[in-house]
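Student: Position chain B relative to chain A; hints supplied.
Top to bottom, those sequences are chains A and B.
Per our numbering, residue 1 is the first one in the first sequence, and the count goes up by one each step.
Per our numbering, residue 1 is the first one in the second sequence, and the count goes up by one each step.
Treat the hints with care, since some could be wrong.
[Unchecked claim] With a cut-off of at most 20 Å between alpha-carbon atoms, the simulated PhoX-like pairs for lysine-lysine come out as follows:
1. A/Lys275 x B/Lys168
2. B/Lys196 x B/Lys210
3. A/Lys178 x B/Lys168
4. A/Lys265 x A/Lys275
5. B/Lys168 x A/Lys168
6. A/Lys168 x B/Lys275
[To be verified] Here are the simulated distance ranges between beta carbons:
7. B/Trp276 x A/Ala48: 50 to 58 Å
8. A/Ile80 x B/Lys57: 45 to 53 Å
9. B/Asn147 x A/Ser175: 28 to 36 Å
10. B/Asn147 x A/Lys210: 54 to 62 Å
11. B/Glu96 x A/Arg193: 52 to 60 Å
12. A/Pro312 x B/Asn78: 28 to 36 Å
13. B/Gly23 x A/Leu311: 29 to 37 Å
14. A/Glu200 x B/Pro90: 53 to 61 Å
15. A/Arg209 x B/Met211: 56 to 64 Å
16. B/Lys60 x A/Arg61: 56 to 64 Å
[Claimed, not checked] Computed list of chain A residues with no C-beta within reach of chain B, every gap over 12 Å:
17. Gly11
18. Glu36
19. Thr202
20. Lys217
21. Lys275
These aren't lab readings, by the way, just hints derived from the structure by calculation.
In this text, a Cβ means the ideal position worked out from N, Cα and C, and glycines have one as well.
2 protein chains.
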Amino acid sequence: MRYGLGIDLGGTFVKLASFTEDGVLLDKWQIPTVTENAGKQILPDIAASVEAYFREKGWKREDIIGIGMGVPGAVDKNGIVDQCDNLGWPTQNVRETFSRMTGLPVLVCNDANAAALGESWKGGGSGFESMVLVTLGTGVGGGIILNGKPLLGINGSAGEIGHMVIRKDEPIYCSCGKRGCAEQYCSATGIVRLTKAQLEGTSQESVLRKMQDFTCKDVFDAAEEGDVIAVQTLEEVYDCLGQLLANICCVVNPQAIVLGGGVSKAGSPLLEGAKWYFERYVYHAASAQFALAQLGNDAGVYGAFKLVMDLPA
Amino acid sequence: MRYGLGIDLGGTFVKLASFTEDGVLLDKWQIPTVTENAGKQILPDIAASVEAYFREKGWKREDIIGIGMGVPGAVDKNGIVDQCDNLGWPTQNVRETFSRMTGLPVLVCNDANAAALGESWKGGGSGFESMVLVTLGTGVGGGIILNGKPLLGINGSAGEIGHMVIRKDEPIYCSCGKRGCAEQYCSATGIVRLTKAQLEGTSQESVLRKMQDFTCKDVFDAAEEGDVIAVQTLEEVYDCLGQLLANICCVVNPQAIVLGGGVSKAGSPLLEGAKWYFERYVYHAASAQFALAQLGNDAGVYGAFKLVMDLPA
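Bound conformation, chain A alone:
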C-alpha cells in the first residue's frame, strides 16, 4: 500500500490530510500559517510537519506517491504561484521548492480548483461528467471540472466567476475595483450589505434591526421566520445567483452546478431559490443539475490529494 498527502494552504491555517493510494482519508491535522516575513516560513513549516508525520507512521519516501497542494492564488501549469497577498508571498515556483524540500513529487493548484476537484471526486459533484463548484463564502469563487480535471485558463483565472458583472449600473465598488460583480450580491459579505441597504431604505419591522451586528446566517434565520426584510433581500440574492449560474452554463454547459462555501450551509432554501431564478435565466439547451457541496472544509485536501493520486507509479 502506498500513500499520499493533500494540503490546503489557507491564510490562517494549513490543513493537511493523508490518504491511501485508493483515496481513503486516514488522518487530518492542521498547523498555523505564519505569514510574517513574506511568508518565508510557510513551506519549511509544512515540510517539518509532513516529515514528523511520516516518521510517526514509519513511512519511507518510496511509500509516498506524492503531495498535492491547493494555494490561495493563481497557479500556472508549471507550479508557479502568482504573488499571493494572503500569504505575503512574492511570485515563486512552489512545486519545485516544496518538492526539493520534501524529496517528493509535488503538484500545486489554486485552492478553489482543488476544492472543486475534491467535490467532483468525492462530494456533491461525484457522478457528474462535468461540474462547476460555486463557492459562496466571504467572496464568491469557483472551480470548473471537465473530464475529471480542473480548467485552469491561460493565467490560472478560469472559474473566477465571482467577478462576472451582472448589474452594470451598481454604484458601489467591488473589492476588485469594478462594479456589479456577482460577489457583491451572492457572498456572505454581499448578503449582509444588501440586507443593511434594505433596512436603511424602509422603516419595515425586522428582527435584524435590533441586532448590533448581524451575519449572513442571521439573515437566513430571519427569512425562515418570515422576516420581510430578510425574505426580500434573499429574493434579490437568489435572482443574482440564478443569473450568474445561468450565465456560466451558457459558456461551459456543465452537467452539474455544486454550491459550496459558508453561505451554502443555508441548504435547501438557497438551492431552491437559486434554481427558481436559474430556470428563468438559463438557455434551454444549457441547463444543469444542482447539488450542495458535501465535503465542507475537507474539499481542498481531497482535491489536492486527487492531483497526485493519478501520478504514474
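Tutor: Quick look at chain B alone, frame taken from chain A:
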C-alpha cells in the same frame, strides 16, 4: 499523399472543401441544401457530390483520411445531432449514417464549434493556446477551443454565449424566450433594433432616418460619418459586447477572443470599441487578447476538416 474533406452544412447551402493531409485547401464548392421532406435528401445529396468529386480527382477510398462535418445544431460526442429545425431534421446519428453512405470515417460537430476550430487552426486564433470565437451574425454564437479541441459541454451547448443575460431589465423578448440576452444587442439584428429604438426615442437628425430600411452595415457607415444616432447606438453595442466578452473570460480565461461573423466586417472600430468596454468589465487576472476572424465563410470547412486531420492513419 492522402486527402480529406471539410463540410459546412448550412440551412441554404452545403459548403464543401478538399484538403491535403497536411492541411492545404485544394478545392471549394457548394450545393443547395434541400430542406423539404424533413431534409431527407440532404445527406444523399452531399454523398453524391462527394462521390462525383472523388471520381473526378481519381481518388480511391484508401486515399481519404475522412470527412468532417459542421451542422447547425447540438451534436453529442457520438455524432447524434439534436432535432434541427433549420434543416427539417429529426434527431439522428449523422456520423453513422453519413459514414455508411460514403464508406469513410466521418466526424460531426456543431457549426459554431467547427468555425471556432477553423479560426483557431488557420485564422485569427492561430498561435493562441486557447480562444473563444464570438460570431456576431444574425444571432450571436460562439465556440471555445481549449488545447486545440472544441469544448462541447454536456448537451453540446457550450459556447452558446449569445444567450448570456446581461440586461436583466430588458422588456423585449429574445428569440430564445428570455429577456436581456447579449444577442439582443450585439447581433446584426440587435444593432438594427437598437438603432430604430434610438431613432424613435429622439428627433435627432440622422441619415438613417431617410432610409426605408437600413442594415447593420448602414449603421457602422453612418457612425463613420459622425452620425450621432449611429455613434450612440454603437456605444451601447460595444458596452454590451465588452460586458459579454469580460463575463466569458472570468469563466474560461482564454488567451484570445476572436470576433467573427458579418458584424465583424466593421473591423477595427468594432474591435477597439468592444475592447474599451471589455477593459472596464474584465477581472484583471482574466484579460485576453483580441483579434478579428480571418477565414470568413471558410472557417467552417477548415474546422470540419481539422476534426478528421488528426485521425490516426
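Student: Could you run down the list of hints and mark each one as holding or not?
Tutor: Status of the hints after comparison with the structure:
1. About 16 Å separates the Cα atoms of A/Lys275 and B/Lys168, which keeps this hinted pair within 20 Å; it holds.
2. Proximity of B/Lys196 to B/Lys210 is assessed by CA-CA distance (about 12 Å); at most 20 Å being required, the pair is judged to hold.
3. Of the pairs offered as hints, the one joining A/Lys178 and B/Lys168 holds, with about 19 Å between alpha carbons and a cut-off of 20 Å not exceeded.
4. Distance check on the hinted pair: A/Lys265 and A/Lys275 sit about 16 Å apart at the alpha-carbon level, within 20 Å; holds.
5. Between B/Lys168 and A/Lys168, the direct Cα distance comes to roughly 10 Å. Compliance with the 20 Å bound is thereby established for this hinted pair.
6. Among the hinted pairs, A/Lys168 with B/Lys275 is consistent with the structure: their alpha-carbon atoms are about 16 Å apart, no more than 20 Å.
7. Checking the proposed 50 to 58 Å range against B/Trp276 and A/Ala48 shows it holds: the Cβ atoms sit about 51 Å from each other.
8. For the pair A/Ile80 and B/Lys57, the supplied restraint of 45 to 53 Å holds, since their beta-carbon distance comes to about 51 Å.
9. In this structure the hint that B/Asn147 and A/Ser175 lie 28 to 36 Å apart at CB holds, the actual value being about 32 Å.
10. The hinted range of 54 to 62 Å is satisfied by B/Asn147 and A/Lys210, whose Cβ atoms lie roughly 56 Å apart.
11. Between B/Glu96 and A/Arg193 the C-beta distance comes to about 55 Å, which sits within the given range of 52 to 60 Å.
12. Between A/Pro312 and B/Asn78 the Cβ separation comes to about 30 Å, which falls inside the hinted range of 28 to 36 Å.
13. Distance hint for B/Gly23 and A/Leu311: a CB-CB separation of about 35 Å, consistent with the stated range 29 to 37 Å.
14. Taking 53 to 61 Å as the suggested C-beta distance range, the pair A/Glu200 and B/Pro90 conforms, at roughly 57 Å.
15. In this structure the hint that A/Arg209 and B/Met211 lie 56 to 64 Å apart at CB holds, the actual value being about 58 Å.
16. Roughly 58 Å separates the CB atoms of B/Lys60 and A/Arg61, a value that falls within the hinted 56 to 64 Å.
17. Residue-level check passed: A/Gly11 sits 18 Å from the nearest beta carbon of chain B, beyond 12 Å.
18. Even its closest Cβ contact with chain B, about 26 Å, leaves A/Glu36 beyond 12 Å, as expected for a residue assigned away from the interface.
19. Distance to chain B confirms A/Thr202 as a non-interface residue, since its nearest Cβ pair spans about 21 Å, more than 12 Å.
20. Once the 12 Å rule is applied to beta carbons, A/Lys217 is consistent with being away from chain B; the minimum gap is 27 Å.
21. Every CB of chain B is more than 12 Å from the CB of A/Lys275 (nearest about 16 Å), matching its label as outside the interface.
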